[in-house]
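Engineer: Each protein sequence line maps, in turn, to chains A and B.
Count along the first sequence from 1, add 1473, and you get the number used in my numbering.
Count along the second sequence from 1, add 2, and you get the number used in my numbering.
It is possible that part of the hints are untrue.
As the list claims (entries may be wrong) - Simulated pairs of lysine to aspartate or glutamate, DMTMM-like, Cα-Cα distance not exceeding 20 Å:
id: 1; chain 1: A; residue 1: K2001; chain 2: A; residue 2: D2031
id: 2; chain 1: A; residue 1: K2056; chain 2: A; residue 2: D2041
id: 3; chain 1: B; residue 1: K498; chain 2: A; residue 2: E2037
id: 4; chain 1: B; residue 1: K264; chain 2: A; residue 2: E2016
id: 5; chain 1: B; residue 1: K498; chain 2: A; residue 2: E2016
id: 6; chain 1: B; residue 1: K495; chain 2: A; residue 2: E2037
id: 7; chain 1: A; residue 1: K2065; chain 2: A; residue 2: D2031
id: 8; chain 1: A; residue 1: K2082; chain 2: B; residue 2: D451
id: 9; chain 1: A; residue 1: K2082; chain 2: B; residue 2: E206
id: 10; chain 1: B; residue 1: K495; chain 2: A; residue 2: D2031
id: 11; chain 1: B; residue 1: K498; chain 2: A; residue 2: E2036
id: 12; chain 1: B; residue 1: K498; chain 2: A; residue 2: D2031
id: 13; chain 1: B; residue 1: K219; chain 2: A; residue 2: D2039
id: 14; chain 1: B; residue 1: K498; chain 2: A; residue 2: D2087
id: 15; chain 1: B; residue 1: K498; chain 2: A; residue 2: D2039
Honestly, the hints are just simulated from the structure, not real lab data.
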Amino acid sequence: MFYLRGCGRWVAASFTKQQFPLVRLSSDSAAPRTPHFDVIVIGGGHAGTEAATAAARCGSRTLLLTHRVDTIGQMSCNPSFGGIGKGHLMREVDALDGLCSRICDQSGVHYKVLNRRKGPAVWGLRAQIDRKLYKQNMQKEILNTPLLTVQEGAVEDLILTEPEPEHTGKCRVSGVVLVDGSTVYAESVILTTGTFLRGMIVIGLEMHPAGRLGDQPSIGLAQTLEKLGFVVGRLKTGTPPRIAKDSINFSILNKQTPDNPSVPFSFTNETVWIKPEDQLPCYLTYTNPRVDEIVLNNLHLNSHVKETTRGPRYCPSIESKVLRFPNRLHQVWLEPEGMDSDLIYPQGLSMTLPTELQEKMITCIRGLEKAKVIQPGYGVQYDYLDPRQITPSLETHLVQRLFFAGQINGTTGYEEAAAQWEKAREMSQGVIAGINASLRVSRKPPFVVSRTEGYIGVLIDDLTTLGTSEPYRMFTSRVEFRLSLRPDNADIRLTLRGYKDAGCVSQQRYERACWMKSSLEEGISVLKSIEFSSSKWKNLIPEVSISTSRSLPVRALDVLKYEEVDMDSLAKAVPEPLKKYTKCRELAERLKIEATYESVLFHQLQEIKGVQQDEALQLPKDIDYLTIRDVSLSHEVREKLHFSRPQTIGAASRIPGVTPAAIINLLRFVKTTQQRQAAMNESPKTDQCLRNADRLQERQL
Amino acid sequence: MRNSKPPLAVICTALCQARSVLSSIPYSYCQSRCARTLKIRSHVARGTTFRYTHLHRAPASLSTLHQPMEAKIFRWWAGRILRLCTRRSSGAAAPGSGATIFALSSGQGRCGIAVIRTSGPSSGHALRILTAARDLPPARHASLRLLSDPRSGEPLDRALVLWFPGPRSFTGEDCVEFHVHGGPAVVSGVLQALGSVPGLRPAEAGEFTRRAFANGKLNLTEVEGLADLIHAETEAQRRQALRQLDGELGHLCRGWAETLTKALAHVEAYIDFGEDDNLEEGVLEQADIEVRALEVALGAHLRDARRGQRLRSGAHVVVTGPPNAGKSSLVNLLSRKPVSIVSPEPGTTRDVLETPVDLAGFPVLLSDTAGLREGVGPVEQEGVRRARESCNFLATVVASVGAQSPSDSSQRLLLVLNKSDLLSPEGPGPRPDLPPHLLLSCLTGEGLDGLLEALRKELAAVCGDPSTGSPLLTRARHQHHLQGCLDALSHYKPSKDLALAAEALRVARGHLTRLTGGGGTEEILDIIFRDFCVGK
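Same shape as in the complex, but just chain A:
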């Protein structure tokens, strides 16, 4: 119908700053003159680009609507990607064939793995990214994605129609109205921007509405959402000033050099685009008592800090650090913004002091004595949509086929303000929203990542069942099955599922993951089968600190658990049959990691199965918890369930305040419904619970 085979080239060709007219193509279909897509993605930020490409990869004709095509891939606030926990998310997005990891491998200027000495389960892949390169590479990728059309335009309103009877929700979205009055129809719509979310920028005592210059805030969209009954909360965040690179005295500061060799983010890359010796260093300096003094003396000039808008428990700004932890030296990382950028980003100096005081404070800091502030730091306050209003597939409870990604939790689309952790979070949500919007079009079951399968699952489950009162940050401490959900095995966890259940993974990547999985399994069973006495091991590998007092045979897998042993030394000791496992560097390293965690993973597996059993028990989507009669639930529990609308018994049991008795009641209800359904129609089509239980068993096998 609408899909142009050469659309990538078409947009690339017209990729100049002029406005595009709305594309109208006549077609043979019954709805002439109105463009019709499978999926529309509103917003070209991190969530939007991931969502649009994910939907397109799943085979949906996708339209990406953005204010300006030339801002696609513009990086937010912090010029770095990844980190501890966030690196895990990026790996998982990559395992689902997402963009960001591949782009980062082409655009970084400083690659470093954090937590190197704390164990591979908590390694944090991180990179400083060149803004210009990132944007270029991202735009190239976006504009060359098959099935994806990019168009400039601001959305004014949603087109709502009658709901589908077999699903819950007040109504159904079937397209968008643009500011110029034209309409575009689509089967699913993903909302990722938030310029309508009443953002305010705060510097000192000044406040003014945020939003890009010249952009009309889409009032209609905001009003529609409000009218539909979406619940909104308010959060705040901030950004540090930018400093001129040539005004900093780096020679007296601690230098941090990048890793050698660099570890790429993407499973498909062996290495990154730049050699370690060509990468840029970061520098470390500290605040001092004079910084504290300036902050404390000028609190009266700082409305962002004073206001009661709920701030996070952690310390987002230098002001909160000084207030909560006085008389300490705080770290300031000086990070490059790119190869040929003359700006430095002082990580840790987010502030909202009046502009003139910002410079005064910065010049107190060692190395920054002559620093010039190019652009002052500021605070942002904004509305966010309560994430408990969406399902784990990121579809809203209220409006069918409307998906939220990114901004549901307060990422606003103000390029400057979204911090590094928001990027990873946005991208994860983007990819999941894109996949599910597409699956919804083809009437396939949603693709939900469980807490037991990935950090993405923990993130979305936490947000959709518990809600949030502060910008959500991904910590490894939030993850129950941390030792199972590692950056190294994201492909085994998600690529195979992404290929089979979502269809968002390329054949090549899928085959690579399959090969890796079977090689790992084979390697582990070979390692288990080799058994020698401990004294023989000691002879073979003298550096191993194995105790020789035991007379029992020791498996090669157990020897590999020793810190001082790796696959190379093991293969040297037992060349046959271990030699072939050292040929692939990645395989050898992953075998070592699997061995390290082997014993603990065995126990964790049992727990995981318990959680999965609960998650396989699905609750009917259309329960009206407030009025339902044949379930005896307390009013409080009803309200909680009504608001969060858990999809499974597992999710329901994690909602604070939902008692074990309520859970049993719900179980009973599921059973009743199942029986009623079974009686009504014999076909297993509607029997979601059964199907899920089957799928679970299949996966266990």
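Assemble the complex: chain A is given as a structure, and chain B must be docked to it using the hints.
Structural biologist: Just chain B, lined up with the frame of chain A:
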């Protein structure tokens, strides 16, 4: 087994059995003075601890007295361990999917037979371990077996066992039923023995039912009453846990949980923020010191555990009321022995006196308390405070004359008016506006039958309901989780893989918070953000 004095080890375990015979030598004496616990780590059953009691200064008379028995038991015991080891090494113990759970499923209170159930893949294994490696009995046939403790080899009971291989069982999983003799010692012994089998843990509220449900084993009518039952179960367990955690032990547990949570939070902070934000020096070292101290404290507590948890089972009945109402007289009457000193003077009882008694067939912990009054000496005031406190944890209150009703109205309350002998037969009775009450005369014993009948009803409501959590089970739970915590702590090695070390702490904390409540991730994050300046 290479230990030079194994025969001595068995004496004490034999003592438990022969305790009634050897009543001339108090068991507690052997426990506290003569006995100490040794651990042997079997290199075959890696990581599994066999604990046996080693009498190193047993009274001479004892060892001479029971030599034949001692030798016999030792032979049996050694054989058992050998068999156990071989079985372990053959890998037969590998647990399948999901944990195996166990619980006392018959009602609590004095009964002839108690039924203990297990469900899960390790059920068969547990049955074999408890029945000294005999083959599994034929499916769904009752067989007589001698049950014994896998750790000490101590015989527990001769019991009927039933083996229900899945899916033809109550829950659809492999199930075992142990029909044991109903005494508290036997039941608690079997529960503890089950808890020590790897892969087994006490069931959570409603867990059997949920498994049965998940496997499609319950029909709707069976599920009908469940919610109420689960509610009662959780409520009873909560109160049970509260009572269990009352006093010193509870204080200890909460303290441990707090220490562990903090140590874990600091380790987690070091993992999540150590490289980006500046944490102070020595975060890990401090956590390490705390964890090691905790390990020592827990170890010492567990070695000493038997004494501390003796007879906390049974319903707790507190007698409270104004001074000189005759509370102590009532206690003496009910326990048929002079527990408390009685005198006509108000304020004779100044402390909480507890005595285990058998009331109308129920095991009961009866507490006499100081009369509730103000403005007396500090000692009595403390007594009054304790009296009030004990009312917070009781199952039933027997209040005497004109009692101020205890603050929490959810408690079961029996109002008893004593000294009915002082009422003149033809004079006016007690005021008509009094709540429902019983008349009693401790002096003449008049009204005692009525009181006992009323108490029986109350106690049946508290103990007899099959859904209420049993103290025995709570105790087994307690020990199971403390041991689990200790085992997990021994895997904490921060010098190596920190993620692995943190996992050990997480598992340990999981065990403790099962006892104390709480335990979410947010608690950890709260501590991290409170103690460290992190975030950018």
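Engineer: Each hint needs a verdict: does it hold in this structure or not?
Structural biologist: Structure-based check of all given hints:
1. Of the pairs offered as hints, the one joining K2001 of chain A and D2031 of chain A holds, with about 8 Å between alpha carbons and a cut-off of 20 Å not exceeded.
2. A hinted pair counts as satisfied when its Cα atoms are at most 20 Å apart, and K2056 of chain A with D2041 of chain A qualifies at roughly 10 Å.
3. Using a Cα cut-off of 20 Å, the hinted pair K498 of chain B and E2037 of chain A holds, with the two alpha carbons roughly 11 Å apart.
4. Taken as a hint, the K264 of chain B and E2016 of chain A pair is broken in the structure, with Cα atoms around 37 Å apart against an allowance of 20 Å.
5. Note on K498 of chain B and E2016 of chain A: the hinted pairing holds, with a Cα-Cα distance of about 17 Å set against a maximum of 20 Å.
6. Taking the CA atoms of K495 of chain B and E2037 of chain A, the gap is about 16 Å. The hint holds against a cut of 20 Å.
7. Distance restraint check for K2065 of chain A and D2031 of chain A: the Cα-Cα separation of roughly 10 Å lies within the 20 Å cut-off, and the hinted pair is therefore satisfied.
8. Restraint check: the Cα-Cα separation between K2082 of chain A and D451 of chain B comes to about 55 Å, which exceeds 20 Å; the hinted pair is violated.
9. Only pairs whose Cα atoms come within 20 Å are accepted, and K2082 of chain A paired with E206 of chain B is accepted, the gap being roughly 17 Å.
10. With a CA separation close to 17 Å, the supplied pair K495 of chain B and D2031 of chain A stays within the 20 Å bound.
11. About 8 Å separates the Cα atoms of K498 of chain B and E2036 of chain A, which keeps this hinted pair within 20 Å; it holds.
12. Only pairs whose Cα atoms come within 20 Å are accepted, and K498 of chain B paired with D2031 of chain A is accepted, the gap being roughly 15 Å.
13. Between K219 of chain B and D2039 of chain A the CA atoms are separated by roughly 49 Å; this puts the pair beyond 20 Å, and the hint is violated.
14. About 34 Å separates the Cα atoms of K498 of chain B and D2087 of chain A, which puts this hinted pair outside 20 Å; it is violated.
15. Using a Cα cut-off of 20 Å, the hinted pair K498 of chain B and D2039 of chain A holds, with the two alpha carbons roughly 15 Å apart.
The structure fails to meet hints 4, 8, 13, 14 from the earlier list, while all remaining hints are met.
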